[in-house]
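Place chain B on chain A using the hints.
Going down the list, the protein sequences come from chains A and B.
Just so we're on the same page, this note's numbering is the position in the first sequence counted from 1, plus 19.
Just so we're on the same page, this note's numbering is the position in the second sequence counted from 1, plus 1122.
It is worth saying that the hints were derived from the structure and are not from the lab.
No residue lacks a Cβ here, since even glycine has one placed at the ideal position from N, Cα and C.
Among the hints, a few may not be true.
Said to hold, decoys possible - Taking CB as the label site, the calculated pair distances span:
1. A:355 - B:1439: 51 to 57 angstroms
2. B:1188 - A:339: 36 to 42 angstroms
3. A:27 - B:1440: 30 to 36 angstroms
To be verified - Derived SDA-like pairs (lysine to any residue); straight-line CA-CA distance at most 20 angstroms:
4. A:364 - B:1430
5. B:1192 - B:1140
6. A:254 - B:1430
7. A:23 - B:1520
Unchecked claim - Some chain B residues flagged as far from chain A (calculated, every beta-carbon gap over 10 angstroms):
8. 1277
9. 1414
10. 1492
11. 1516
12. 1563
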Amino acid sequence: MQAKLRDLLITNILAIVLGLVASGLMLLFLGKNPVNAYSVLITSVVRDGYTFADIFVKATPLMFTALAFAFTYKANLYNIGAQGQFYIGAVIAAAGSLLLQNILPGWLVLIITLLLTIVGGGLWGAFIGFVKAKYNSNEFLVSMMSTYVALAIMNYSLRTFLMETKAEYPQTDALAASVWLPRIIPGTRLHIGFVLAVLACVGVWVLLYKTTLGYRIRAVGYNAGAAEMSGINAKKLYILAFFISGALAGMAGFTEVNGVQHMLVQGFNPDLGAAGIGIAILANGNPIGIIFAAVLFGALKVGGTIMGQMSGIPSSIIELMQGFVMVFVILSYFVRTWLENNREKRKLRKAVAK
Amino acid sequence: MGTAFFELRGISKYFAKVIANKDVSFSIQRGEVLALLGENGAGKSTIMKILYGLYKADEGELLKDGKEIKIDSPKEAMELGISMIQQHFSLVPAHTVTENIILGNVKGVIDYKLFREEIKRLAELYGFELNPNDYIRDLAVGVQQKVEILKALYQKTNLLIMDEPTAVLTPQEAENLMGFVRDFTAQGNSVIFITHKLKEVMSVADRIIVMRAGRVYGDIKRAETNELELSKLMIGRDLNWVTKDDRQESLDQEVRLEIQHVTVQEKTGVPALKDISLTLHKGEILGIAGVSGNGQQELCEIVCGAILPTKGRVLLDGEDITERKIRARIDLGIGYVPADRSSDGMIMDMSIAENMLLKSSYDKKWQKRGFIDKEKLNQYALQEIRDYSIKAPSPETIARGLSGGNQQKVVLAREVGNGEKVIVFDQPTRGLDLGAVNHIHQVILKERAKGKSVLLVSTELAEIFALSDRIAILYKGEIQGVFKSAELTTEKIGLLMAGFRKGEVSNHAG
Chain A
20 MQAKLRDLLI TNILAIVLGL VASGLMLLFL GKNPVNAYSV LITSVVRDGY
70 TFADIFVKAT PLMFTALAFA FTYKANLYNI GAQGQFYIGA VIAAAGSLLL
120 QNILPGWLVL IITLLLTIVG GGLWGAFIGF VKAKYNSNEF LVSMMSTYVA
170 LAIMNYSLRT FLMETKAEYP QTDALAASVW LPRIIPGTRL HIGFVLAVLA
220 CVGVWVLLYK TTLGYRIRAV GYNAGAAEMS GINAKKLYIL AFFISGALAG
270 MAGFTEVNGV QHMLVQGFNP DLGAAGIGIA ILANGNPIGI IFAAVLFGAL
320 KVGGTIMGQM SGIPSSIIEL MQGFVMVFVI LSYFVRTWLE NNREKRKLRK
370 AVAK
Chain B
1123 MGTAFFELRG ISKYFAKVIA NKDVSFSIQR GEVLALLGEN GAGKSTIMKI
1173 LYGLYKADEG ELLKDGKEIK IDSPKEAMEL GISMIQQHFS LVPAHTVTEN
1223 IILGNVKGVI DYKLFREEIK RLAELYGFEL NPNDYIRDLA VGVQQKVEIL
1273 KALYQKTNLL IMDEPTAVLT PQEAENLMGF VRDFTAQGNS VIFITHKLKE
1323 VMSVADRIIV MRAGRVYGDI KRAETNELEL SKLMIGRDLN WVTKDDRQES
1373 LDQEVRLEIQ HVTVQEKTGV PALKDISLTL HKGEILGIAG VSGNGQQELC
1423 EIVCGAILPT KGRVLLDGED ITERKIRARI DLGIGYVPAD RSSDGMIMDM
1473 SIAENMLLKS SYDKKWQKRG FIDKEKLNQY ALQEIRDYSI KAPSPETIAR
1523 GLSGGNQQKV VLAREVGNGE KVIVFDQPTR GLDLGAVNHI HQVILKERAK
1573 GKSVLLVSTE LAEIFALSDR IAILYKGEIQ GVFKSAELTT EKIGLLMAGF
1623 RKGEVSNHAG
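So that you can see chain A by itself, here it is in the shape it has in the complex:
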């Protein structure tokens, strides 16, 4: 166990370092000094609390979309439509807040809006599970296409009933300050949504590993045939798993609209869904691992923005960095298995030689 933990830490750190080195090489091609760039990056992140806190602000919605992918993945289903579920959540969050903010007290509006996004995102996701269960349609394709439908719904609502009073841009009016998510640290953008996201990660972990429902979902994921043979209704679980998955992604819409943007802007955060898949893979689907992976991605994102402000470095360098880090982290799985196998083999040979 000791050796395993050591492997896990060393290989992951090594993977991140290698990712940075590889992207550093790319900087060299641009004629920039990578050491210089990285040191500016690190100092600017550490220098002021605002930037540092922003890492966790960026990590918040990523945790939700990563959980959305990881949850269905445990049932051996692929939900790659978290982006769409996130948009549905965002539309509901904006609509709910704008509608209720002048009628009810702020805290009550927040709770109601959160519940609405959970239900809305959940139903949007459950539809994918439903057509999978009923017509055996491919959930991969349906979830992917549902994103475009969600995007269209968002555009439609921003041109009609949610359109700002000035009717200039495809966006809503700003939300009243009473329905903003409270800040945790004054002087930063870090809001209570981050706590909500961490709680969601822990909650999903408990659900999956401590309850019979989670047990059944994992059973179906590992071996649907044996689960069915044991009287577990896999189809019902498909719908339920997609409901929970969609609800999780929908919550990202809530934290982004009420916590960061304070309005709904057309097509904002367009890469949350894809990044979520990457984070879930990085964490090997483990909800607790997702917390750390999401923070890493948040850090890369913040770092990318800073680097983009340096002269002559395209901000796309950070996507390259994300890509490299992911490739190396995934490779590290194989390295770990290989190390583990070799260790066992050596032990065996020693035992035989005695």
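Below, chain B alone, put in the same frame as chain A:
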């Protein structure tokens, strides 16, 4: 004796956590039939896969005619005249016999007529009844095996390795296969037989290599040994076999399960079961004999509720349960040990404790305040591990890491617990070592003594005869007849399994 045709010297192979082979040395002469005898997991298949180039040995060397050789792929093995027929055939079901045989041996435009003639000639030479134009998917398993053999012959094989070749055959088909082996080796070719069946070994082998735990424990001429010695070498200890003596008459007891005129229509329109009627009494073991794929699985699934009959009824204690689904039937006390535990019976990536929970996850007894009562579950699993002497360090052990026999015991323990009234066993001991087989047989008899009803499906006649009170024979979805087990002989049952009717059998076999 001269130089050996092929020789293996000091071969060792390590997988992570397991020694598959350790210092294995033996040779095979030209014209010899060599039997590789051993329990499952003894390393027979691994050593042959090394010879066939599928695995690479960690230590040791291979020799042909006294010269060292390297075999890194099946292609190189074939060039040296080695062919191996795997336990699961490697044929393309959507292709014809001809296409399968020439697969990998042709280039460019195929002259089908020429190949068909060639294959026909080859088949006639060995007395195989085969049409080169038939599609593999339409052929019976026994015939498919002949195609595999022809494929090897077509490649001018001198050393034919067969992995458990008789596992899928009727007794008559197995006899034919033995005939072929004798013909083939009479021409100076060699055959290696991987098997765990002692009877087969004694009837066909010239020399026997006994393997246990990855090592060679015996290299004996057939003429100089007997079944008893071989079985001792194979398991390394004596076994107490269950005998029929500890069984009592049970037929006058009341009926527990009734299957009335059940028909199951497959999607293709072919009935998998045709108008089946069976009764199962309390405290009775009803054996279902037959070559696999004749409707056994459907019969089991009808009883446990996985499929519903197109026609007919199923009654439990007189109550109609035809429409009840799996979960309801589990609650009614019907246990089911499926033939393929890895796909239907357990979840390999979960722990033993979690597998124990599989059929009763809805049951409140495993829950505490909405969460799984892990302590209680682990305790229960630990008790079952002790009761069934499952070799596992703890209830948290992942099922995949267990041996086949221990995995089967996990399923068995769960189903015996679930099946308070009826337990269906579909091939409960297939592929297991003798120690595990013996243990499972004792469990089945113990449950019968408790008054439970047992439906035992098996293709091993010895198992059917050793355990059953009555025996029904299934052929192409129909019951060929139900007999008291004393009324049947191996020969008679063999003919029934091959499709002869009750009346016809008495003419043939008297």
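Structure-based check of each hint:
no., hint, in the structure
1, A:355 - B:1439: 51 to 57 angstroms, "holds, 55 angstroms"
2, B:1188 - A:339: 36 to 42 angstroms, "violated, 59 angstroms"
3, A:27 - B:1440: 30 to 36 angstroms, "violated, 59 angstroms"
4, A:364 - B:1430, "violated, 49 angstroms"
5, B:1192 - B:1140, "violated, 24 angstroms"
6, A:254 - B:1430, "holds, 18 angstroms"
7, A:23 - B:1520, "holds, 17 angstroms"
8, 1277, "holds, 35 angstroms"
9, 1414, "holds, 18 angstroms"
10, 1492, "violated, 7 angstroms"
11, 1516, "holds, 14 angstroms"
12, 1563, "holds, 24 angstroms"
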